[in-house]
Amino acid sequence: MLSFAEEMMLLLLDDQDGSFLPIPEWSMQCALAGAVLMDLALADRIDTDVNSLMLVDKKPTGDPLLDPTLERIAAAAEVRGARYWVENTAAYADEIREGALARLVEAGVLNREEDRFLWVFRSRRYPTIDGRAEREVKLRIMGVLLSDEIPDPRDIVIICLCDSCGIFNELLSSRELERARGRIDQVRKLDLIGQAVAKSVWEIQASLAMAAHPVY
Amino acid sequence: MDIGESKEDAVFVLEPKGRLDSANARSFEERVLAALEQGESALLIDFAGLDYISSAGLRVLLMGAKRLQQSGGTIALCALSPSIHEVFEISGFLTIFTVHNDRAAALAAMG
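Chains A and B are the protein sequences, given in the same order. Here the first sequence stands for residues 1452 to 1667, numbered as in the working numbering. Here the second sequence stands for residues 198 to 308, numbered as in the working numbering.
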């Protein structure tokens, strides 16, 4: 089974050319942080309530995408809320992203290609070699969005993360998105870490909007 | 965590007491799954004795509700304390579960 960070990477890449979708960097960082925290929660290492994120078991999971975050939570002097840990973990999003991509390349899901832009700037693309995993994630998402069935925890997580970083604008047509909006809003509330991710993204977006259009 | 269990006509009632969190979510999940495997199709979870629920506890409820929905059964909750009701409100679980004020009201509705 893929980790949430790996699933997010598959959804964040353009199917056609393997480049990253135009998602704001902070949104992507928060979504990856949320992905790690949610994997730790489903591995029974942490638990959350509306106020706090609690360490349950500091035993390493053995997953290098997850254990650095678990170590930081275990080493913390005081209990903090989920939002604090989303923003703390977001600072390590580059490592999480690189780790998830490297794992997908190693598993033969993605290929890694180096390009040069204006002969100087390097850019990387990750074209898909084996699209089954991505199709499976998309099917799960659509299965939840297009039905009234109670979603399972993994589906809730991926929908929270997708909505936080605006991937649905890329996955769905504007008409489909309009139809699914109510269901997305219902499902994304069902996970407290997902709510923390959304709040962190929203706050940055709001402060950027304020900076662009200050109220005097 | 102590989990009370009873049968009221066709409704199987589970009554978790104290805290429902990562420390005991697995054992509560086992009790829910055991009830479903016994063929119970109407499950009432009575929260009268529950003081606290975390995300781990909420996930078990969701899993039970999903299983019951798939098999055509029903699940309901009753007697949520104000603090747990607030958790359900914040987490959107009130849109998933039918919640009754007390066990009598729940049994009347499910019977």
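Any given hint might turn out to be false.
[As the list claims (entries may be wrong)] Estimated spans, in silico, between C-beta atoms of each pair: (1) B:294 with A:1574: 42 to 52 Å; (2) B:271 with A:1539: 36 to 46 Å; (3) A:1574 with B:267: 37 to 47 Å; (4) A:1549 with B:201: 47 to 57 Å; (5) A:1656 with B:267: 33 to 43 Å; (6) A:1535 with B:248: 22 to 32 Å; (7) A:1562 with B:202: 49 to 59 Å; (8) A:1558 with B:246: 30 to 40 Å; (9) B:308 with A:1539: 28 to 38 Å; (10) B:267 with A:1502: 52 to 62 Å; (11) B:220 with A:1539: 20 to 30 Å; (12) B:204 with A:1546: 30 to 40 Å.
[As the list claims (entries may be wrong)] Computed footprint of chain B on chain A; a stretch qualifies when at least three of its residues, placed anywhere within it, have a C-beta under 8 Å from a C-beta of chain B: (13) 1478-1491; (14) 1522-1529.
Just so you know, the hints here were simulated from the structure itself, not pulled from any lab data. Since we're looking at a predicted model, the values are computed, not measured. From the three backbone atoms N, C-alpha and C, an ideal C-beta is built for every residue, glycine too.
Going through the hints against the structure:
1. At roughly 48 Å, the beta-carbon separation of residue 294 of chain B and residue 1574 of chain A lies within the given 42 to 52 Å, and the hint holds.
2. Between residue 271 of chain B and residue 1539 of chain A the C-beta distance comes to about 42 Å, which sits within the given range of 36 to 46 Å.
3. At about 46 Å, the CB distance of residue 1574 of chain A to residue 267 of chain B agrees with the hint of 37 to 47 Å.
4. At about 50 Å, the CB distance of residue 1549 of chain A to residue 201 of chain B agrees with the hint of 47 to 57 Å.
5. A hinted range of 33 to 43 Å for the beta carbons of residue 1656 of chain A and residue 267 of chain B is consistent with their spacing of about 38 Å.
6. Evaluation of the 22 to 32 Å hint for residue 1535 of chain A and residue 248 of chain B yields a pass: the beta carbon distance comes to about 25 Å.
7. For the pair residue 1562 of chain A and residue 202 of chain B, the beta carbons lie near 55 Å from each other, so the given range of 49 to 59 Å is met.
8. Taking the beta carbon of each, residue 1558 of chain A and residue 246 of chain B are about 47 Å apart, not inside 30 to 40 Å as hinted.
9. In this structure the hint that residue 308 of chain B and residue 1539 of chain A lie 28 to 38 Å apart at CB is violated, the actual value being about 50 Å.
10. For the pair residue 267 of chain B and residue 1502 of chain A, the supplied restraint of 52 to 62 Å is violated, since their beta-carbon distance comes to about 33 Å.
11. The supplied range of 20 to 30 Å is met by residue 220 of chain B and residue 1539 of chain A, whose beta-carbon atoms lie about 25 Å from each other.
12. Between residue 204 of chain B and residue 1546 of chain A, the C-beta spacing of about 53 Å breaks the proposed range 30 to 40 Å.
13. For the region 1478-1491 of chain A, the assignment as covered by chain B is violated, since 0 residues bring a beta-carbon within under 8 Å of that chain's beta-carbons and 3 are needed.
14. Here's how the region 1522-1529 of chain A fares: 0 of its residues keep a CB closer than 8 Å to some CB of chain B, so the rule of at least three is not met and the hint is violated.
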